[in-house]
Amino acid sequence: MEINEILILSMFASFILLLFTGFPVAWVLGGVGTVFAGIAYLCDIHLDTIIGIDFNSIGIVVSRIYKIMDNWILVALPMFIFMGNMLDKSGAAENLMKSFQELFGRVKGGLAITVVLIGIILAASTGIIGASVVLLAVMSLPSMLDQGYDKKVAVGTVASAGTLGILIPPSIMLVIMADQLALSVGDLFMGAVFPGLVLGALYIVYILGWGVLKPTSMPLAENIQPVTLGLWIRVLKSVLPTLLMIVAVLGSIFTGMATPTEASAVGALAAVLLAWYNGKLSFPVFKDCLHNTFNVSGYIFAIFIGATMFALVLRELGGDEYIESFLTGLPFGPYGIILFILGIIFLLGFVLDWIEITLIILPLVAPVINALELSINGYGVLDNPELVWFVMLVAVTLQTSFLTPPVGFALFYLKGVCPPGVTLGTIYKGVIPFIVLQLLGLTLLLLFPALVNWFPAMVYSP
Amino acid sequence: QAKPVLLKTPIAFGSHLPALGTPIKWVSDQLPLVSGGDVKMKVYEPGKLVAPLEILDAVSSGKVNSGYSIAGYWAGKMPAAAIFSTIPFGPEAPEFMAWLYYGNGMKLYQKMYDDAGYNVHVEACALISPETSGWFKKPVNSIDDLKGLNMRFYGLGGEVMQKLGVSTSLLPGGEIFGALEKGAIDATEFSQPAIDQKLGFYKVAKHNYFPGWHQQATVFELLINKDTWNKMSDSQRAVVSTTCKASVSNSVAESEFIQFDAMKKNVEERGVVMHTWPQDMMAAFKGAWEQVLVDQKKDATFAAVYDDLQQFRDNYKVWSTRAFITRSE
Amino acid sequence: MNSEVTQSPVAIADLIDRGLIKLGHVVSWVYAILIVVIITQVILRRGFSSGLIAIEEMQWHLYAIGVLIGIVYAQACNAHVRVDVLHSHFSKKWQHIVEILGICILLLPFLFVIFYHGVEFVAESFRMSERSLAPAGLPLRWLIKSVIPLFTSLLILACFSRLYREIVLLKRGE
Ligand code: NA
Ligand code: NA
Numbered sequence: 001m002e003i004n005e006i007l008i009l010s011m012f013a014s015f016i017l018l019l020f021t022g023f024p025v026a027w028v029l030g031g032v033g034t035v036f037a038g039i040a041y042l043c044d045i046h047l048d049t050i051i052g053i054d055f056n057s058i059g060i061v062v063s064r065i066y067k068i069m070d071n072w073i074l075v076a077l078p079m080f081i082f083m084g085n086m087l088d089k090s091g092a093a094e095n096l097m098k099s100f101q102e103l104f105g106r107v108k109g110g111l112a113i114t115v116v117l118i119g120i121i122l123a124a125s126t127g128i129i130g131a132s133v134v135l136l137a138v139m140s141l142p143s144m145l146d147q148g149y150d151k152k153v154a155v156g157t158v159a160s161a162g163t164l165g166i167l168i169p170p171s172i173m174l175v176i177m178a179d180q181l182a183l184s185v186g187d188l189f190m191g192a193v194f195p196g197l198v199l200g201a202l203y204i205v206y207i208l209g210w211g212v213l214k215p216t217s218m219p220l221a222e223n224i225q226p227v228t229l230g231l232w233i234r235v236l237k238s239v240l241p242t243l244l245m246i247v248a249v250l251g252s253i254f255t256g257m258a259t260p261t262e263a264s265a266v267g268a269l270a271a272v273l274l275a276w277y278n279g280k281l282s283f284p285v286f287k288d289c290l291h292n293t294f295n296v297s298g299y300i301f302a303i304f305i306g307a308t309m310f311a312l313v314l315r316e317l318g319g320d321e322y323i324e325s326f327l328t329g330l331p332f333g334p335y336g337i338i339l340f341i342l343g344i345i346f347l348l349g350f351v352l353d354w355i356e357i358t359l360i361i362l363p364l365v366a367p368v369i370n371a372l373e374l375s376i377n378g379y380g381v382l383d384n385p386e387l388v389w390f391v392m393l394v395a396v397t398l399q400t401s402f403l404t405p406p407v408g409f410a411l412f413y414l415k416g417v418c419p420p421g422v423t424l425g426t427i428y429k430g431v432i433p434f435i436v437l438q439l440l441g442l443t444l445l446l447l448f449p450a451l452v453n454w455f456p457a458m459v460y461s462p
Numbered sequence: 463q464a465k466p467v468l469l470k471t472p473i474a475f476g477s478h479l480p481a482l483g484t485p486i487k488w489v490s491d492q493l494p495l496v497s498g499g500d501v502k503m504k505v506y507e508p509g510k511l512v513a514p515l516e517i518l519d520a521v522s523s524g525k526v527n528s529g530y531s532i533a534g535y536w537a538g539k540m541p542a543a544a545i546f547s548t549i550p551f552g553p554e555a556p557e558f559m560a561w562l563y564y565g566n567g568m569k570l571y572q573k574m575y576d577d578a579g580y581n582v583h584v585e586a587c588a589l590i591s592p593e594t595s596g597w598f599k600k601p602v603n604s605i606d607d608l609k610g611l612n613m614r615f616y617g618l619g620g621e622v623m624q625k626l627g628v629s630t631s632l633l634p635g636g637e638i639f640g641a642l643e644k645g646a647i648d649a650t651e652f653s654q655p656a657i658d659q660k661l662g663f664y665k666v667a668k669h670n671y672f673p674g675w676h677q678q679a680t681v682f683e684l685l686i687n688k689d690t691w692n693k694m695s696d697s698q699r700a701v702v703s704t705t706c707k708a709s710v711s712n713s714v715a716e717s718e719f720i721q722f723d724a725m726k727k728n729v730e731e732r733g734v735v736m737h738t739w740p741q742d743m744m745a746a747f748k749g750a751w752e753q754v755l756v757d758q759k760k761d762a763t764f765a766a767v768y769d770d771l772q773q774f775r776d777n778y779k780v781w782s783t784r785a786f787i788t789r790s791e
Numbered sequence: 792m793n794s795e796v797t798q799s800p801v802a803i804a805d806l807i808d809r810g811l812i813k814l815g816h817v818v819s820w821v822y823a824i825l826i827v828v829i830i831t832q833v834i835l836r837r838g839f840s841s842g843l844i845a846i847e848e849m850q851w852h853l854y855a856i857g858v859l860i861g862i863v864y865a866q867a868c869n870a871h872v873r874v875d876v877l878h879s880h881f882s883k884k885w886q887h888i889v890e891i892l893g894i895c896i897l898l899l900p901f902l903f904v905i906f907y908h909g910v911e912f913v914a915e916s917f918r919m920s921e922r923s924l925a926p927a928g929l930p931l932r933w934l935i936k937s938v939i940p941l942f943t944s945l946l947i948l949a950c951f952s953r954l955y956r957e958i959v960l961l962k963r964g965e
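Respectively, the protein sequence lines represent chains A, B and C.
Quick note, in my numbering, the first sequence goes up one by one and the last residue is 462.
Quick note, in my numbering, the second sequence goes up one by one and the last residue is 791.
Quick note, in my numbering, the third sequence goes up one by one and the last residue is 965.
The set of hints was computed from the structure by calculation and includes no laboratory data.
As the structure is a computational prediction, the values presented were derived from the model and not from experiment.
Hints should not be assumed to be uniformly reliable.
30 Å max Cα-Cα, derived DSS-like pairs, lysine-lysine [to be verified]:
1. K813/C x K287/A
2. K429/A x K813/C
3. K67/A x K504/B
4. K67/A x K688/B
5. K67/A x K727/B
6. K599/B x K727/B
7. K510/B x K67/A
8. K487/B x K759/B
For reference, chain A alone in the conformation it holds in the complex (with noise of 0.2 Å):
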């Protein structure tokens, strides 16, 4: 083994080992990074490598955190979650909880439906998993429990509605994505549409189940009323404003008023107003809102920071083209190929976030996958059909690793606004049953690419 090798898969191990013991995961990721670059130099005075890292290129990292703060598009990730944080003191977000509680109250798990179905409407409002998940669970994790909902249900149901958000349109990810493969954003919006819906749906008819096998876990509110008039106008006043909202933002989109980054702020002030309407807008209560988002966006933005010295250094070491060499090496068929590759994605996704794999690995594979030679219909009107496809695999595939243990990270985030009773075992626990019915929904995709392609086909044929 050459010593490139030896270092990039200590760099993972140690990566992994130093995880667990508590120090915050974006020092440990951007600590490695700058240990092994030393290791290296070492390495290079020592041992006869020519890997070329020093003190000075390792300096590139100050302009790769520089291109993190131009970056326009990820201006939203601090309004989306101001915003979640505003809807939750407005109190509209606890009526609105209250009101579809009273509407499903007679289903089992209506509760957690609700939250699939809110997190599928805020899923196309943020496009950012750290926002969606945060603006879910402030929103829902309280009156779940309140109402005695197992933990393990709760944060189940939040993590994966929440994680929806990174596929359905507008998504930030898929923008980054088409930009790396040079794919047109609007297949990849319009090919996630029907992805996003299948997950959902899954969602859906799991927790329906649920609620008849094991009705325990998802108790029924205490005081059920029966479905008059009267709530249905009750429910509707509730929703109003909050879905007035939704709509500000979606509907500041679609009508060409802003893109989908300027709809945050429309959001967040959309927000801002409905905590006014409400009376529950004081001073305190904005000054609140504005700590918090600055304390999230912070401890989110230190994983971004982290990661891009791990992954330069990764990349130094000659970590792409390991990986590269590693695949088309491969003695499977084409569909072995792919699923290899998922495989690895879904690995990496442990450790690194979408913006680094969607950097590293996709550009790295496209390649690969086109000369695969697969044939997907592109109904004569996308231009790649086998890349959109593929890449709304990988997309369901990250969002999958985001769930899944021991790091995920939706998962953080939803530890970082969990009540305290709440632990990181209790979030692992519950999502495995969703990790489940994400691997269907892949396996779906799989088999029907129409799922994917058919779609963007149909809005953008002649």
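Fit chains B and C with the ligands to the given chain A structure using the hints.
Showing chains B and C with the ligands alone in chain A's frame:
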């Protein structure tokens, strides 16, 4: 005998993009063959090592030993840099080559970096033909139609549009399609037909305008850290220079070859209407560009380089206005 | 998840952390400004044409200040994401030791690299009087770039505060 050299080269455009990125891939394939393994190049896709806009600093400080980009990306540091990649109503490819290689172009190009204190050696390493003038949702029949239009437009051409009442913005590549589709912008320019089709603009904006007055030809540069360059043997340097020069002709050929196919598809299969700017519109663009030029020439280096280019072009006209059959025939 | 320092008091460290948290509270207003700026942009796009690129750039300037200083704030609040599966079962003593070793071996070297090259990065931008690539964009790029050495130096300060706190608590046996 100098040691074999490995150029670690971050690039500003993905190597999968025809004409924008394919030429440097060709260079990296040719270098070891031409030099018998004495010069190698490892290409890093955009952002993998360093972001496109940071390439100059990284090469100059020796964090990487070379990089591939367009000089226009350094216009925020040296306004004159824009001229060395493209300017509105600038020269087309053969004229550009004439100025760079036999006029003062390359000398001024290197001098600009030297005077600004950058520790780099520059080679022109690709050159591509005109861009389209942009994709519009509605036809533009007069200057009035431009007023209040929201358009994505890059660089000095964007300044020209702004002078004509267009509200320009600089959306990143990945945001353009979504913004155009939803109507957050009404029009966009990006690149040549063969490249624009990859971003799918034809799906939502059906009016494609020509000629690309803002970008008649675009030069791409290979930057090499000067310490690395000085340590290379004469033979190694000749391999790099000659391969870059070969790449210039290769990329002109490629970019000239790939456009008609995309344009035919646009019209025949995608319902795109192709327009040619009428005389009065071209005159208006030209007039606005002259105003922009007055602002730009406040920078001494910009003025010096521009005047040299202009002097060359005045002389070149003596030849070009008589030598060629006009293009439209 | 709130910004209170909940550990037992360690005088100097408390002082530093409280200072950084105060600073964070002030800087957090960039997000309020950001909302206003983006909304202004959305309104201006309809009909006015001046200064749009400058407003677009102002957005990422504000966001960049927010997220980077936010990292310091999260450090002072001890809010960074940890994998707590095993960590929560460690004895207090081992938790302190992990923190001390982690800061010394992993975090401080990482921050030093960013700080050192960050200063160079800003100096280079200042030397070239770098401005936006778009002629209508914002000038003084070195100003926004200097947030990089600024946030790292504040983060290093927060690290020393944390290091001091951990050592004191380790000695006290808390
Ligand atoms: Na989304
Ligand atoms: Na262009």
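>> When the structure is checked against the list of hints, which entries are broken? Sort them ascending.
In response: 2, 5, 8
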